[in-house]
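Novice: Residue numbers (my numbering), protein chains in the order written: chain L, 1 to 153; chain C, 1 to 235.
Hints listed in this document are in silico derivations from the structure and should not be mistaken for laboratory results.
Some hints could be false.
Said to hold, decoys possible - Negatives, chain C to chain L, calculated, CB over 12 Å:
#: 1; residue: 1
#: 2; residue: 21
#: 3; residue: 38
#: 4; residue: 56
#: 5; residue: 122
#: 6; residue: 140
#: 7; residue: 145
#: 8; residue: 147
#: 9; residue: 151
#: 10; residue: 228
#: 11; residue: 229
To be verified - Simulated pairs of lysine-lysine, DSS-like, Cα-Cα distance not exceeding 27 Å:
#: 12; chain 1: C; residue 1: 86; chain 2: L; residue 2: 61
#: 13; chain 1: L; residue 1: 2; chain 2: C; residue 2: 160
#: 14; chain 1: L; residue 1: 17; chain 2: C; residue 2: 113
#: 15; chain 1: C; residue 1: 140; chain 2: L; residue 2: 61
#: 16; chain 1: L; residue 1: 17; chain 2: L; residue 2: 45
#: 17; chain 1: C; residue 1: 160; chain 2: L; residue 2: 3
#: 18; chain 1: C; residue 1: 152; chain 2: L; residue 2: 40
#: 19; chain 1: C; residue 1: 140; chain 2: L; residue 2: 45
#: 20; chain 1: C; residue 1: 140; chain 2: L; residue 2: 16
#: 21; chain 1: C; residue 1: 117; chain 2: L; residue 2: 66
#: 22; chain 1: L; residue 1: 66; chain 2: C; residue 2: 152
#: 23; chain 1: L; residue 1: 3; chain 2: C; residue 2: 140
#: 24; chain 1: L; residue 1: 2; chain 2: L; residue 2: 16
Values in this document were obtained by computation on a predicted structure and should not be read as measured data.
Virtual Cβ for every residue (Gly too), placed ideally from N, Cα, C.
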Amino acid sequence: MKKADIDKILKKHDYKKSSLISILQDIQEVNRWLPPEILKQVSEKMNIPLIDVYSLTTFYKSFYLKPRGKHIITVCSGTACHVRGGPRILNEIKSQLNIDVDETTPDKNFSLETVRCLGACALGPLMVVDKKYYGQMNPKKVVSTIKKFSKKK
Amino acid sequence: MINLMIDGLDVQVEEGASLLDVAQFYGIPVPTLCHHDGLTDYGACRLCIVEIGKGKNTKLVSSCTYPAEQGLFVRTNSKRVVEARKMLVELLLAMCPSSKIIQDLASAMEVKKVRFKVEHGDCILCGLCVRMCEEQMMAKAIGFVNRGKDRKISTPFDAKSDVCRTCGGCMYICPACELRCEGPDAPGDVCGGCANVEPVCLEDENDKMCFMDPCGWCYNELGRKKEKEKKNNKL
C-alpha cells in the first residue's frame with residue numbers, strides 16, 4: 001500500500017480523531033493487515049500518539065497486526081461442527097498448508113482462522129473460504145477446495 | 001456550592017469536586033492507591049470506594065471518580081465498604097505481594113492472609129505510569145496494550161519508543177515494581193509486619209508519643225532493645 005493511498009483515506013475522513021477506527025478499517029480493507037509503518041504514518045498524520053493507535057488495534061480483535069493471506073480460511077469450531085468432525089477438518093487443513101491457527105502460509109496465499117459458530121449448524125462441519133460457505137466438509141473435500149484456491153495465485 | 005452529608009457530617013463543597021476531594025478536605029481517611037495529586041483520577045484500584053445512598057438503595061462507587069452531588073448521603077467506613085476494601089486489598093496482594101505499598105495497606109486494614117492463588121506479578125494495572133507519562137512528562141510513550149487477561153502496559157510494538165526520554169517517571173510512581181518490604185517477621189504472602197508488631201513507643205517512653213505511620217517503623221532500634229531485655233529476663 002502506497003503512502004498516497006493512506007493519505008486519500010485520511011482525507012476522506014477529514015483527519016477526524018473520532019474516525020480513527022473507520023480509517024484503520026478502510027486501510028485494512030485494502031492492505032488486509034496493519035503493518036507498523038502504516039500505524040506510524042497514521043499516527044503522525046493525524047497527530048495521535050502512536051501508543052493510542054497501538055492500544056486501539058490490540059484491543060479490537062478485528063484489527064490484524066500480523067500479515068494475512070490472500071484467502072482467509074475459517075473453520076467453525078462450534079459445538080455442532082465439533083461433534084460432526086470439525087477438528088478433523090481443521091487438522092487436515094493444518095497439515096495441507098503446514099501452518100497453525102492464526103498463521104499465514106509463507107507465500108501469503110492462505111491464512112487459517114477458527115470461529116466459535118457461524119450460525120449454519122445444519123451445514124456442519126463448516127469451512128469458509130473468502131466469505132463463501134463450504135458445508136458438510138470431509139478431509140477429501142478439503143483437499144480439493146484448497147487446490148481450487150491454490151491454482152489461482 | 002453543593003450540600004451533602006459525609007459520615008454524618010453536613011458539608012459544603014464547590015461544584016466539580018470529587019467525593020475523595022471532599023473526604024480529604026474534611027480529614028476523613030480514605031485509602032487510595034491509584035490516586036495521585038497532579039494526575040487525573042482513573043478509578044482503577046477501587047480502594048477509595050464509598051457507599052452512597054440511604055436504606056436499601058445503596059451503591060459502592062469509587063470516590064475519586066464520583067462527583068459531589070447535592071444532597072448525597074455518603075459513608076466512607078460502613079461495614080460494606082470496609083469488607084469490600086479488605087477483599088480488594090487481598091486481591092491486589094495476590095497479584096503483587098512484593099509491593100510495600102500494598103503490604104502496608106493490607107496491614108492497615110488487618111488483612112491477615114491471602115485466600116487466592118498468589119501470582120507474584122509486578123503490575124496491578126493501576127495506570128499511574130501511563131498517566132504520569134502523559135500528563136506530567138508529556139511523552140505518552142506507554143499505554144495499555146491488549147485486553148482482558150492479556151492486558152498489560154507496554155510501548156508500541158513492545159519495542160523501544162521514539163518518544164520515551166527514559167525519564168524514569170513511570171518507575172518512580174509505580175506502587176508495584178519495587179523491592180519487597182522486609183518486615184521484622186519472615187515474609188510470607190502477607191508479611192503483616194507493621195500490623196503485628198506491638199506498639200513499643202508508649203511502653204518504653206512515657207513522655208512522648210511516636211506518630212510514625214504505620215506503627216513499628218522504629219522497630220529496628222527499640223524493638224531489638226526490647227527483645228534483648230526479654231531474652232535477658234528469661235535467662
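Novice: A separate judgement is required for each hint: does it hold in the structure or not?
Specialist: Status of the hints after comparison with the structure:
The beta carbon of residue 1 (chain C) is kept farther than 12 Å from every beta carbon of chain L, the shortest such distance being approximately 36 Å. Remark: the non-interface label on residue 21 (chain C) is consistent with the geometry, its nearest Cβ contact in chain L lying 28 Å away (cut-off 12 Å). Once the 12 Å rule is applied to beta carbons, residue 38 (chain C) is consistent with being away from chain L; the minimum gap is 20 Å. Taking the minimum C-beta to C-beta distance to chain L, about 37 Å, the non-interface status of residue 56 (chain C) holds against the 12 Å cut.
Consistency note on residue 122 (chain C): stated as away from chain L, and its beta-carbon is indeed over 12 Å from all of that chain's, at 20 Å minimum. At roughly 4 Å from the closest C-beta of chain L, the C-beta of residue 140 (chain C) falls inside 12 Å, breaking its exclusion from the interface. Annotated as non-interface, residue 145 (chain C) brings its C-beta within 12 Å of a C-beta of chain L; the closest such distance is 5 Å. With 12 Å as the threshold on Cβ separation, the claim that residue 147 (chain C) sits away from chain L is violated: the shortest Cβ distance comes to roughly 5 Å.
A cut-off of 12 Å between C-beta atoms contradicts the statement that residue 151 (chain C) is not in contact with chain L; the least separation is 9 Å. The claim that residue 228 (chain C) lies off the interface holds: its Cβ sits roughly 55 Å from the closest Cβ of chain L, which is beyond the 12 Å cut-off. Against the 12 Å criterion, residue 229 (chain C) stays outside the reach of chain L, whose nearest CB is about 57 Å from its own CB. As the CA atoms of residue 86 (chain C) and residue 61 (chain L) are separated by approximately 35 Å, the hinted pair breaks the 27 Å bound.
Under the criterion of a C-alpha separation no larger than 27 Å, the hint pairing residue 2 (chain L) with residue 160 (chain C) is consistent with the structure, at around 26 Å. Between residue 17 (chain L) and residue 113 (chain C) the CA atoms are separated by roughly 47 Å; this puts the pair beyond 27 Å, and the hint is violated. Annotation: proposed proximity of residue 140 (chain C) to residue 61 (chain L) holds, straight-line Cα distance about 24 Å (limit 27 Å). Restraint check for residue 17 (chain L) and residue 45 (chain L): the C-alpha separation of about 11 Å stays at or below 27 Å, so the hint holds.
Of the supplied pair hints, the one linking residue 160 (chain C) and residue 3 (chain L) holds, its CA atoms being roughly 24 Å apart against a limit of 27 Å. Taking the CA atoms of residue 152 (chain C) and residue 40 (chain L), the gap is about 21 Å. The hint holds against a cut of 27 Å. For the given pair, residue 140 (chain C) sits about 17 Å from residue 45 (chain L) by alpha-carbon distance, which is consistent with the 27 Å threshold. Proposed proximity of residue 140 (chain C) and residue 16 (chain L) is supported: the alpha carbons are some 20 Å apart, at most 27 Å.
Between residue 117 (chain C) and residue 66 (chain L), the direct Cα distance comes to roughly 34 Å. Violation of the 27 Å bound is thereby established for this hinted pair. Distance check on the hinted pair: residue 66 (chain L) and residue 152 (chain C) sit about 19 Å apart at the alpha-carbon level, within 27 Å; holds. Annotation: proposed proximity of residue 3 (chain L) to residue 140 (chain C) holds, straight-line Cα distance about 25 Å (limit 27 Å). With a C-alpha separation of about 21 Å, the suggested pair residue 2 (chain L) and residue 16 (chain L) falls inside the 27 Å cut-off, and the hint holds.
This entry does not satisfy hints 6, 7, 8, 9, 12, 14, 21, going by the numbered hints stated previously.
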